[in-house]
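Undergrad: Respectively, the protein sequence lines represent chains A and B. The working numbering puts the first residue of the first sequence at 18, with every later residue one more than the last. The working numbering puts the first residue of the second sequence at 50, with every later residue one more than the last.
Any given hint could be a false lead.
Said to hold, decoys possible - Computed Cβ-Cβ distance ranges for the label pairs, DEER-style:
1. B:Gln87 / A:Pro70: 30 to 40 Å
2. A:Ala85 / B:Lys89: 45 to 55 Å
3. B:Lys101 / A:Asp105: 18 to 28 Å
What the hints assert, rightly or not - A short, non-exhaustive set of chain A residues, derived as facing chain B with CB atoms under 8 Å:
4. Ala107
5. Asn127
6. Arg129
7. Gly173
8. Pro210
9. Ser267
10. Glu289
In short, the hints are calculated from the structure, not lab data. For every residue, glycine included, the Cβ atom is placed at its ideal position computed from N, Cα and C.
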Amino acid sequence: MTDRRQFLKLTALGGGAVFMSGLYGQALAAGEQDFYFVQLSDCHWGYKGDANPDAAVTLKKAVATVNALEVPPEFIVFTGDLTQTTDDPAERRRRMAEFKDIIGGLNVKNIRFLPGEHDASLDMGAAFKENFGATHYSFDHKGVHFIALDNVSDPGARIGDEQLEWLKADLATQKKDARIVVFTHRPLFDLVPKWDWATRDGDKAVALLMPYENVTVFYGHIHQEHHQKTGHIAHHASKSLIFPLPAPGSQDKRTPLPWDPAMPYKGLGFREIEADARDGDFEVKEFPVVKA
Amino acid sequence: MNQQRRSVCAGALAGIASLLLGATAQAKAAKERVIKIQAKKFVYTPNRITLKKGEAVVLQLTALDFTHGFNVPDWKIRADLPPGQVTTLHITPDKVGEIDFLCDNFCGDGHEEMNGKFVVVE
Numbered sequence: 018m019t020d021r022r023q024f025l026k027l028t029a030l031g032g033g034a035v036f037m038s039g040l041y042g043q044a045l046a047a048g049e050q051d052f053y054f055v056q057l058s059d060c061h062w063g064y065k066g067d068a069n070p071d072a073a074v075t076l077k078k079a080v081a082t083v084n085a086l087e088v089p090p091e092f093i094v095f096t097g098d099l100t101q102t103t104d105d106p107a108e109r110r111r112r113m114a115e116f117k118d119i120i121g122g123l124n125v126k127n128i129r130f131l132p133g134e135h136d137a138s139l140d141m142g143a144a145f146k147e148n149f150g151a152t153h154y155s156f157d158h159k160g161v162h163f164i165a166l167d168n169v170s171d172p173g174a175r176i177g178d179e180q181l182e183w184l185k186a187d188l189a190t191q192k193k194d195a196r197i198v199v200f201t202h203r204p205l206f207d208l209v210p211k212w213d214w215a216t217r218d219g220d221k222a223v224a225l226l227m228p229y230e231n232v233t234v235f236y237g238h239i240h241q242e243h244h245q246k247t248g249h250i251a252h253h254a255s256k257s258l259i260f261p262l263p264a265p266g267s268q269d270k271r272t273p274l275p276w277d278p279a280m281p282y283k284g285l286g287f288r289e290i291e292a293d294a295r296d297g298d299f300e301v302k303e304f305p306v307v308k309a
Numbered sequence: 050m051n052q053q054r055r056s057v058c059a060g061a062l063a064g065i066a067s068l069l070l071g072a073t074a075q076a077k078a079a080k081e082r083v084i085k086i087q088a089k090k091f092v093y094t095p096n097r098i099t100l101k102k103g104e105a106v107v108l109q110l111t112a113l114d115f116t117h118g119f120n121v122p123d124w125k126i127r128a129d130l131p132p133g134q135v136t137t138l139h140i141t142p143d144k145v146g147e148i149d150f151l152c153d154n155f156c157g158d159g160h161e162e163m164n165g166k167f168v169v170v171e
């Protein structure tokens, strides 16, 4: 019998969304707890610059592409930098309101939000909380324990002792073999400290997570797909929806990659993440902003 | 002038000799070349600083508009720079090369460009 994983591979090879849709229904009907969700990141609503002359429509196109997925995801998560930062608190809230209006067009209404430093670092997360709720929280979905960590409301990129204590207590409710997914904005490890691609006390969070056998982290911030492990913990960075950044440490400065008029939205996109109940794995499939 | 002298101590240092405290630091500072660095959104001035290998220098950092950070990842030193205070760091580079520093306290639209470089020569 073709399983969910196999049909995802077939889909990735061009097997088609119709095939995907039918099999997904079968898996659920059989009582499996497979599901998938979508991660979008780093929309930077309000950005104006040469790195994305289509910034006014990029997020809207991504919303349309998500809505066109043959099988709707069970939920959607935005892993931070929903908006471009501004020193003006009123403008910050205006951008957040516009962002909410745009993503209100998503057919899926189960949406989780995390802040990025552009949203939260200049006001300790005040405007974000007004518009999107708590900056750190946990929830369960079909056998997976999800934890959202805030490593941006402190402008110094600290999770902070209070939140780390909360994380410790939250993890204490889980078995050591629980399936745990962590969402965050910045990398929890020192990816490229000279580019500020790190969390100052991220090592403390990783230390708390290490005793758990099945932990996967999905984050944003670096505007590109990237995969790295700290011990047995896998960390997967997402593409952005505004402009791509250079590969980690590949050049002197972390300046945005230039916009290519011949290939609009090159290097941008979002991802599907499939949770496979049978082996506990998470499979990632990348999507462009606009379906080819 | 509300100016407070701060010293910053760090643990394992790679590529610099030491950071010293108190009177010892002040005595040492008298013999060291002093380099003043100003931090404001979104630039350090100067942002390209030439040092000699083995030369003891004292950095005097002042922020004008925000508690910027000053982080030198390769030397594993960092400090917060509260406005109105002078933050003092003593360094003696022991290797030639280019060493990056950056603001690691998010300070606004332009934060990503707030960085600089030490150029350590023979």
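Undergrad: Against each hint, give a clear statement of whether it holds in the structure.
TA: Evaluated hints:
1. B:Gln87 / A:Pro70: 30 to 40 Å: holds (35 Å)
2. A:Ala85 / B:Lys89: 45 to 55 Å: holds (47 Å)
3. B:Lys101 / A:Asp105: 18 to 28 Å: Given range 18 to 28 Å: violated, Cβ gap about 45 Å.
4. Ala107: violated (15 Å)
5. Asn127: violated (30 Å)
6. Arg129: violated (22 Å)
7. Gly173: Holds: closest Cβ of chain B sits about 5 Å from glycine 173 of chain A, inside 8 Å.
8. Pro210: holds (4 Å)
9. Ser267: Result: violated, 14 Å to nearest chain B Cβ.
10. Glu289: violated (29 Å)
Hint compliance for this structure: hints 3, 4, 5, 6, 9, 10 are not met, and every other hint is.
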